[in-house]
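Position chain B relative to chain A; hints supplied.
Going down the list, the sequences are from chains A and B. Counting from 1, one number per residue, gives the positions in the first sequence under our numbering. Counting from 1, one number per residue, gives the positions in the second sequence under our numbering.
Just so you know, the hints here were simulated from the structure itself, not pulled from any lab data. In this text the structure is predicted, and so the values were computed from the model without any measurement. Glycine is no exception: its CB is placed at the ideal position from the N, C-alpha and C atoms. It is possible that some hints are incorrect.
Beyond 10 angstroms from chain A on every Cβ pair, some chain B residues (computed) [unchecked claim]:
1) 29
2) 33
3) 125
4) 143
5) 154
6) 156
7) 160
8) 164
9) 172
10) 189
11) 197
12) 213
13) 214
Listed below are the simulated DSSO-like cross-link pairs for lysine-lysine, each with C-alpha atoms no more than 30 angstroms apart in a straight line [unchecked claim]:
14) A/31 to B/51
15) A/84 to A/152
16) A/137 to A/152
17) A/201 to A/84
18) A/184 to B/200
19) A/39 to B/66
20) A/31 to B/200
21) B/66 to A/115
22) A/113 to B/200
23) A/23 to B/200
24) B/200 to A/34
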Amino acid sequence: KIMFEFKELGYAYDALEPYIDAKTMEIHYSKHHKTYYDKFLASIGDTPMENLNIEGVIEQVDDNTPSAIRNNAGGYFNHNFFWKCIAPNGAREPEGNLADAINSTFGSYENLKTKMSEAGVARFGSGFVWLIVKDNKLQVVSTPNQDNPLMKISSIQGTPIMAIDVWEHAYYLKYQNRRPEYLKAFWNVVNWSTAAALFSK
Amino acid sequence: MFSLRTSLRRQIIRPVLCALRAKHTLPKLPYPYESLEPHISADIMKTHHTKHHATYVNNLNAAEEKLQAATTAGDVSGVIAVQGAIRFNGGGHINHSIFWSNLSPNGGGEPQGELRDAIEREFGSFANLQSNMVTAATGVQGSGWTWLGYSREQKRLVIVSCPNQDPLMATTGLIPLLGIDVWEHAYYLQYKNVRPDYLKAIWNVVNWNNVAERLLASK
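For reference, chain A alone in the conformation it holds in the complex (with noise of 0.2 angstroms):
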C-alpha cells in the first residue's frame, strides 16, 4: 500500500523574499497544501485509488470523478510540483536539450515567459500556467482550479514540466489584485532545474 506524504518544503518560508513573501509561503504550504493533502487522504480512504500512486490517482480524473477526489488530489499533486519549480539558488534560466526546445519553440525564453505570463492574466479565476511536452513538443496551456495536465479532464493534456501557481492565494497579502507584478516577480525564482530533469525523460 502506497503511504502518501507531506513531504518538507525544502528551503525557508523567507528563502524566495523579497518576490515572494514568508507568510505567503507559510500559509500556503502549512495551510492550503497541508489541507489538500488531509483531505485527499480522506476522500480515497477504502476505495481502490488507495493503491495508486499519486500521478496514477491524477491519470484517472475525468468527468465521473467525485469532486472531492478531483479537487484534493490535484490540489496535493500540483502543490507538491510546483514547490520544485520555485527555489531561493535554483537554475534562473534554461539550458541544454531545454533551452535549445525553448528557442525553437517560442523563439527565445524572453517569449516563453511573456507566452506563460500572457496565460497566467487570462486564467479568469484559480489556477495554474503550465509549460507541458505534448507529443514531444512544448506548449503552454492553463487548467482552472486544481486540474492539471495529466487528468483525462484536462482540455489539452501533456507531461507537465513547470508550473505557475496563479490562485490569488499565491500572492495575494504581497500583491493584492496585481497577478501581473507577481507574474514579472515570480522569474527571479524560478527553479529551471526540475524542468530540464522532467524534459529529458
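Then chain B, alone, in the frame of chain A:
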C-alpha cells in the same frame, strides 16, 4: 403642455444620445471603507472596491469597445474572441454592484416580513438558511459566489453557487437577492485560508432591507 422642444427631445435627441452608449462606471461604495469592521476589514473593502471592482469596470468597457469594433467590421471571429472577457468582467461588475448594496454597517440581525416568511417556508428557519448558505459557500472550489436567489417560475427561494464571475441571472435565470463573494480576495487579507471564519462574520453586515427590496422588486 406638449411643446415642440419636448417632442424633439423625446423622439430624436434622447435616442441618439443613448446610441452613443455611456461607459460603465464604478458605483460609489454607500458607506465608509472601515465601517464594516471588524467583520470585513477596511483594507479588504478598499482593495476589493477600488482595485478589483474598478478593474472589472475598466476591462468591461475595453471589451465592449472591442465587441463594438468587431461587430461593426462584421468580424465574427473577433466577436467570439471577446465573449469570455465580457462574461468575466461584465459578471464581475454586476456581482460586485449587488454585493456592496447587500452589505451595510447597519446590517446584521434578522430578516422580517415577507422575506422572513419566504425563508421559513423554504428552509424551515433563518438559522437553516444561514447554515445552508455557509455549507454551499464553504464548498465552492476555487473562485465563485454563493447566492440566495428567487425563482419567478417556481415562486421560491433557492441557494446556488456560480463559478468565477458568472452572474446569477444570466447563468441560471434566478433573481439575485443576496450574494456572498468567496473569491479569496474577498477575505484573504483578514482571514487568510480560513474561509469559514469569514462566512461566520459576514452575517453581521448583511443588509436585510436590501435583500427584501430585491425580493419585492422581483415579483
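Pair hint residue 201 of chain A and residue 84 of chain A, alpha-carbon separation not exceeding 30 angstroms
Holds: residue 201 of chain A and residue 84 of chain A sit about 16 angstroms apart, inside 30 angstroms.
Verify that the Cβ of residue 125 of chain B lies farther than 10 angstroms from every Cβ atom of chain A, and report whether the claim holds or is violated.
At roughly 28 angstroms from the nearest Cβ of chain A, residue 125 of chain B sits farther out than 10 angstroms, so the non-interface label holds.
Measuring Cβ to Cβ, find out whether residue 33 of chain B lies farther than 10 angstroms from everything in chain A.
Label holds. Min Cβ-Cβ 14 angstroms, cutoff 10 angstroms.
Holds or violated: residue 184 of chain A with residue 200 of chain B, Cα cutoff 30 angstroms?
36 angstroms, violated
Non-interface claim for residue 197 of chain B versus chain A (Cβ beyond 10 angstroms):
Per Cβ check, residue 197 of chain B is outside 10 angstroms of chain A; nearest 13 angstroms; holds.
Are the Cα positions of residue 39 of chain A and residue 66 of chain B separated by 30 angstroms at most?
43 angstroms, violated
Minimum Cβ separation between residue 154 of chain B and chain A greater than 10 angstroms?
At roughly 26 angstroms from the nearest Cβ of chain A, residue 154 of chain B sits farther out than 10 angstroms, so the non-interface label holds.
Straight-line Cα separation of residue 84 of chain A and residue 152 of chain A no greater than 30 angstroms?
Status holds; Cα separation ~23 angstroms.
Minimum C-beta separation from residue 156 of chain B to chain A exceeding 10 angstroms: can you confirm that?
With a cut-off of 10 angstroms, residue 156 of chain B remains clear of chain A, as the shortest Cβ separation is near 26 angstroms.
Non-interface claim for residue 214 of chain B versus chain A (Cβ beyond 10 angstroms):
Check passes; 25 angstroms lies beyond 10 angstroms.
Assess, step by step, whether the Cα of residue 137 of chain A is no farther than 30 angstroms from the Cα of residue 152 of chain A, and give holds or violated.
19 angstroms, holds
Does residue 200 of chain B pair with residue 34 of chain A here, judged by a C-alpha cut-off of 30 angstroms?
Answer holds: residue 200 of chain B to residue 34 of chain A is near 23 angstroms, not above 30 angstroms.
Consistency note: the structure conflicts with the earlier hints numbered 4, 8, 10, 18, 19 and 22.
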